[in-house]
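Chemist: The residues making up each chain are set out below.
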Amino acid sequence: MATTALVDPDTGLTQAQLAARHGLRVAGERPSLVEYSRRLWAYRHFIAAYANAKLVASYSNAKLGQLWQVLTPLTNAAVYYLIFGVVLDQKSIPNFIAYLTTGLFIFNFTQSAVLAGTQSISSNLGLIRALHFPRASLPLSTTMTQFQQLLASMVVLIGIVLVTGEPLTWEWLLLVPALLLQAVFNAGVVLLVARLGSKSSDLKQVMPFIMRTWMYGSGVLYSVSLFERLPGWATTLVQYNPLLVYIELARYTLMEEAPLLNESLTQLWLVGAGWALVAGIGGFIYFWRGEQEYGRG
Amino acid sequence: MVEHFDAAPEASATMTRTQERIPTVVVDDAHIIYRVHQGAAGGTTPVAALRRLVKRTHAPNVREVHAVKGVSFTAYRGEAIGLIGSNGSGKSTILRAIAGLLPVNRGAIHTQGQPSLLGVNAALLNDLSGERNVVLGCLAMGMHPDDVAKQAAGIIDFSGINERGDFASLPMRTYSSGMAARLRFSIAAAKKHDVLLIDEALATGDKGFRKRSEQRVRELREGAGTVFLVSHQLSSVRDTCERTIWLESGVIRMDGPTDEVIRAYEAYANSK
Chain A
11 MATTALVDPD TGLTQAQLAA RHGLRVAGER PSLVEYSRRL WAYRHFIAAY
61 ANAKLVASYS NAKLGQLWQV LTPLTNAAVY YLIFGVVLDQ KSIPNFIAYL
111 TTGLFIFNFT QSAVLAGTQS ISSNLGLIRA LHFPRASLPL STTMTQFQQL
161 LASMVVLIGI VLVTGEPLTW EWLLLVPALL LQAVFNAGVV LLVARLGSKS
211 SDLKQVMPFI MRTWMYGSGV LYSVSLFERL PGWATTLVQY NPLLVYIELA
261 RYTLMEEAPL LNESLTQLWL VGAGWALVAG IGGFIYFWRG EQEYGRG
Chain L
44 MVEHFDAAPE ASATMTRTQE RIPTVVVDDA HIIYRVHQGA AGGTTPVAAL
94 RRLVKRTHAP NVREVHAVKG VSFTAYRGEA IGLIGSNGSG KSTILRAIAG
144 LLPVNRGAIH TQGQPSLLGV NAALLNDLSG ERNVVLGCLA MGMHPDDVAK
194 QAAGIIDFSG INERGDFASL PMRTYSSGMA ARLRFSIAAA KKHDVLLIDE
244 ALATGDKGFR KRSEQRVREL REGAGTVFLV SHQLSSVRDT CERTIWLESG
294 VIRMDGPTDE VIRAYEAYAN SK
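Here the protein sequences come in this chain order: A and L.
Sequential numbering from 11 applies to the first sequence in the numbering used here.
Sequential numbering from 44 applies to the second sequence in the numbering used here.
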């Protein structure tokens, strides 16, 4: 007994003591929040490369290729204009085309991010099971892909707004911080739905309905003055709807006389920043708490 | 009893330092039970789906499988360990648990660093070219972009996908399954791993590639790594591993030198 101990000091230890003696860690343990953020930062190159790759891959089977990045929002706007502008003949809003496309493109930024985000874990199980990296890289790169898409559709939007007769002013520069706030908000929501979607595959089926409801509550297709007919508490609720806030910020900066639900610009910025902060931090913490569960099952 | 060893005299500690084996994976009485979703037979309507979401209940037809029942072993630096056993014996399950991808229900698995699992179905992006997949895969393993740029050409050469024309610039969906598996192995093998878990990956590819990959596994071991190999091809286990663990229905049946274990396994398999 004594001689074996001389040859190998590990003899006689239980498995757990052996592991502790050599400083092994429990497999699949979750890192601390700070450590996790640090690792995620180290993976920023991967996040960017993956976002780019997804963007390229999504059009690789189409003949027109990346041109669809511009064609899709244009076609969308054309269809909605046909129905709400021509068939239903909106008269209450001056420059309805600019009003509609601004709302549509801004809403679409969040909508496509959320829909893609729901599946950002479940559609990448192969990658997750093969390689170890902070899982938040995937939802974040989904958000980034959508941001790149947004930049293309913003070029289209600015073209439409200019053609329909809105003057170019310095105020337009405020569109940049508004979009950045929305991007942070999106990242948070995407992290949230990514974790939810990884656990229940049913969410994918339900999500389109939720987004459709959200769209009607954000005053995308019709004048926001309709919301003023609602009872007081409901109007307040709609006023704080983050998507309505981001859409109104964009309309405020791009258009001269768009009907707005929120009178105060300061309030718009504060609510927009608040939502970005709450969603961004909350979504990140919620996603991190599930880190060791992704790819299981 | 235990304290006695912890407080071992200084002299014996220095004497044994050179011979001391350093464990990299310690599996301590691990039990793994996982759930299998068989797809809902009824209740696929949106209303039913919504109700399940709200009530947080699981979809019907979920079965529990007790795949690993109390497995204990220790793997050391520089070891290559083969895992053999009939289908459904829990080999792949235990690998995934070591990689931290499956939770253990009882017991524990301790590892040094982060083990990497290399399976045949480790999918990358099929719509992208092989070259882009190499870059993406390397970044996903945490390599720095400068290192990736340096190594990319070497990885493609190693995989041998360019032996029949310029395939590296074609989308991966145009590859044969063997080519794709070779490229994936080459990407994973480009990085130094403390613990590398290989699931049937060496079985793919032609003879030339098998030779290269076996050579690569040896290099990884010499770089103080530990390699686990799950395979149904006993020959590749024999060629790469000196130690083999034989699992049967979730329990270790034998653990020892490869030759002995494989002989016993073959006798068992033939008698069935």
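Because the hints were derived from the structure by calculation, they are not lab data.
Ideal Cβ placement from N, Cα and C applies to all residues, glycine included.
Heads up, a few of these hints could be off.
Sample of chain L residues lacking proximity to chain A, with all beta carbon distances greater than 10 Å (derived) [unchecked claim]:
#1 Arg95
#2 His153
#3 Glu257
#4 Arg261
#5 Pro300
#6 Ile305
Some, not all, of what chain L presents toward chain A, calculated at C-beta under 10 Å [stated by the list, open to error]:
#7 Ile65
#8 Thr67
#9 Val69
#10 His109
#11 Phe116
#12 Ala140
#13 Val147
#14 Asn148
#15 Gly185
#16 Pro188
#17 Ser212
#18 Pro214
#19 Arg227
Chemist: Give me the numbers of the hints this structure contradicts, sorted from smallest to largest.
Modeler: 1, 2, 10, 14, 17
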